[in-house]
Structure formats: C-alpha cells, structure tokens
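Go by the hints and put chain B onto chain A.
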Amino acid sequence: DAKTTQPPSMDCAEGRAANLPCNHSTISGNEYVYWYRQIHSQGPQYIIHGLKNNETNEMASLIITEDRKSSTLILPHATLRDTAVYYCIVKEADSWGKLQFGAGTQVVVTP
Amino acid sequence: EADIYQTPRYLVIGTGKKITLECSQTMGHDKMYWYQQDPGMELHLIHYSYGVNSTEKGDLSSESTVSRIRTEHFPLTLESARPSHTSQYLCASSTRLNEQFFGPGTRLTVL
Chain A
1 DAKTTQPPSM
11 DCAEGRAANL
21 PCNHSTISGN
31 EYVYWYRQIH
41 SQGPQYIIHG
51 LKNNETNEMA
61 SLIITEDRKS
71 STLILPHATL
81 RDTAVYYCIV
91 KEADSWGKLQ
101 FGAGTQVVVT
111 P
Chain B
1 EADIYQTPRY
11 LVIGTGKKIT
21 LECSQTMGHD
31 KMYWYQQDPG
41 MELHLIHYSY
51 GVNSTEKGDL
61 SSESTVSRIR
71 TEHFPLTLES
81 ARPSHTSQYL
91 CASSTRLNEQ
101 FFGPGTRLTV
111 L
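Protein chains in written order, with the numbering used here: chain A, 1 to 111; chain B, 1 to 111.
I should point out that these hints are in silico values taken from the structure, not numbers from a laboratory. Glycine included, every Cβ here is placed at the ideal spot set by N, Cα and C. Any given hint could turn out to be false.
The following residues of chain B were derived to be distant from chain A, with all beta-carbon distances above 10 angstroms [unchecked claim]:
1. G16
2. E22
3. S24
4. D59
5. S62
6. R70
7. L90
8. A92
9. Q100
Listed below are the simulated DSS-like cross-link pairs for lysine-lysine, each with C-alpha atoms no more than 27 angstroms apart in a straight line [said to hold, decoys possible]:
10. K3(A) / K31(B)
11. K31(B) / K52(A)
12. K17(B) / K91(A)
13. K3(A) / K69(A)
A few chain A positions that, by computed beta-carbon distances, are all more than 12 angstroms from chain B [said to hold, decoys possible]:
14. D11
15. A17
16. I74
Just chain B, with the same shape it has in the complex:
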C-alpha cells in the first residue's frame, strides 16, 4: 500500500477564506502531482513538481498555488476560496517509471 497522505479528507468553508490542502509522501519520490476531479468527470492535472523548488502548472488552469520546499511535502493553497473551487483534489507521487500513487483525496466544498 502506498504511503501518501492528504488532509483534510473533507472541508466545508465559506467564500473568501484562505485554505491549504496538505499532501505528504514517505516514498522519497521526486515527482508529485495535484489533480482536480468533479463527480463523474475526468481527472485534470492542475500542478506538478519534478523535485524540491520545482513547480509547474498543469493542463487545467487553476487559481491555486503550490510549493515544494521538502521532497515529501507538496501543499496546495487557495488564497480566496470561491464556490467554483468546489471539487475533489487528488495528490499523487510517482516512481521514475511513472507508476503514480494517489492519496485518498480532499473533497472541498465552498459555500
């Protein structure tokens, strides 16, 4: 079983609040990813990182930002949450051969 963790699992928050979604992995993987997925819809990559101090935007434009100060930690931040940010956010890390391991996800609801 993969050792990748996300907190919180569920978050309900009001419009305008700043939030940070946490993601940590203990496998020593350099590559990490954030995906966004609405119910019944496809996964969309919003951010990825090749290693410490490396971050890139994914295929889907997102108002969120990420940081990668430590190999094991890849948090995602929304400075001012809006109802349009309501979605499930999935974090993943991968081996050199692109075997991606996913966390359980954070289901975000912005009221």
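Here chain A stands alone, though its shape is the one from the complex:
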C-alpha cells in the first residue's frame, strides 16, 4: 500500500475552513484515498474517501490532484468539536487488506 505524509499538527480558527494536506506520491491506479479522524479517547470515525474525482459529503470535501499524488481534506466551517487527529490512508477499495493508520495530523480548533 502507498505511504502517506501528513503534517504533525495544525491550528484552525473556529468558523473558518480547515484544509488538511496529504501527500501520497506512490499511489497506484486502483488505490483510494481514505480520511478518518479520532477525537480524544474515542474510536476513529470514517469521514470520506475518493479515487480521483473530488468528493463531498455532510462532513467534509475531498480534493484530489489530477496526478493523484496529493489530496486535501476540507472542513468547511470548523467547530471546536472538530478538534481531533486526522488520518489520511491510501488503500485498494475492494481488497481484503487492513487499513494502516499512521501518526496523522493533530488539528486543534480554537475559539
């Protein structure tokens, strides 16, 4: 599975958009980009995933570059409850493998 690189931490003001980058330069053609987050002491929560087109759901938007070597998760209006560790994971969608969680990005939303 392709390896991902994320910044260790970032701050965001409440009400502003949070843009979380992820590099995955070795991604292969059939690998999807998944985003999860983990709020302190809770189990991780699935956010969104995509292959090459941009995706949007009620939680976030996912922008994938045309060469698919990087992506950005956008939280459009960050709230204090969005403070969490965010994980970017690359994986084949329809495979029996497991997800490899790395260190992620610690996002702190401040008032």
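Only chain B this time, still in chain A's reference frame:
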C-alpha cells in the same frame, strides 16, 4: 451511526486473570478488526477476520487470541493478563469498500 458495540468499556483486573473483550456488530459486515492503542500513540492492528472461521494476526504481535464463530461476534481473549497488556482495545468492522466503523473501545488496566 454505526452499530458496533464493545463491552466492557472499562476493566481493571489483576495479573494472571483470564479476560474476554466482547465486540458485536449488527451491520452484517464480513471484515472485522482489533486494534490496540496506548494514550497519545498510533493505532496498531493486532487481529483481523475476513469472515466466519477466518482469523489472522495483525502487524503488532499480541498475546491475545480471537475467534469468529458468528459473523456479528468477534471476541478477544487474554488467557493470563499482565500489566504490559494495559491499553485501549478498539474493535472495528468494515464494508466491502473499506469504510471502517469503530466501537467505543475497551480501556483495560492490569494491576
């Protein structure tokens, strides 16, 4: 909201005791997982299952064992608990497209 449950949520137990951590899901998912996570540290996969009667060891070596007799049930057992087993244990199940849903976790303390 995902229907995946873990019991107990908290467990404090003495060294040498046998314990079983329960995990159940009502979504009919074939794939299930057990992760171990120490405070502030990364998630590590310790066991996973592709379906009934299928179990595999994960990336992190663990003295625990698992069983998968029914699709909805994936218990984890420690035959003889030790202080080094103190950690949070997270159970998850996933759709065919690897959208993983996590339970609330069991925080285990071995004295």
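Status of each hint after checking the structure:
no.: 1; hint: G16; in the structure: holds, 28 angstroms
no.: 2; hint: E22; in the structure: holds, 15 angstroms
no.: 3; hint: S24; in the structure: holds, 14 angstroms
no.: 4; hint: D59; in the structure: violated, 8 angstroms
no.: 5; hint: S62; in the structure: holds, 14 angstroms
no.: 6; hint: R70; in the structure: holds, 19 angstroms
no.: 7; hint: L90; in the structure: violated, 5 angstroms
no.: 8; hint: A92; in the structure: violated, 7 angstroms
no.: 9; hint: Q100; in the structure: violated, 6 angstroms
no.: 10; hint: K3(A) / K31(B); in the structure: holds, 23 angstroms
no.: 11; hint: K31(B) / K52(A); in the structure: holds, 25 angstroms
no.: 12; hint: K17(B) / K91(A); in the structure: violated, 38 angstroms
no.: 13; hint: K3(A) / K69(A); in the structure: holds, 11 angstroms
no.: 14; hint: D11; in the structure: holds, 18 angstroms
no.: 15; hint: A17; in the structure: holds, 24 angstroms
no.: 16; hint: I74; in the structure: holds, 19 angstroms
Hint violations for this structure: numbers 4, 7, 8, 9, 12, all remaining hints satisfied.
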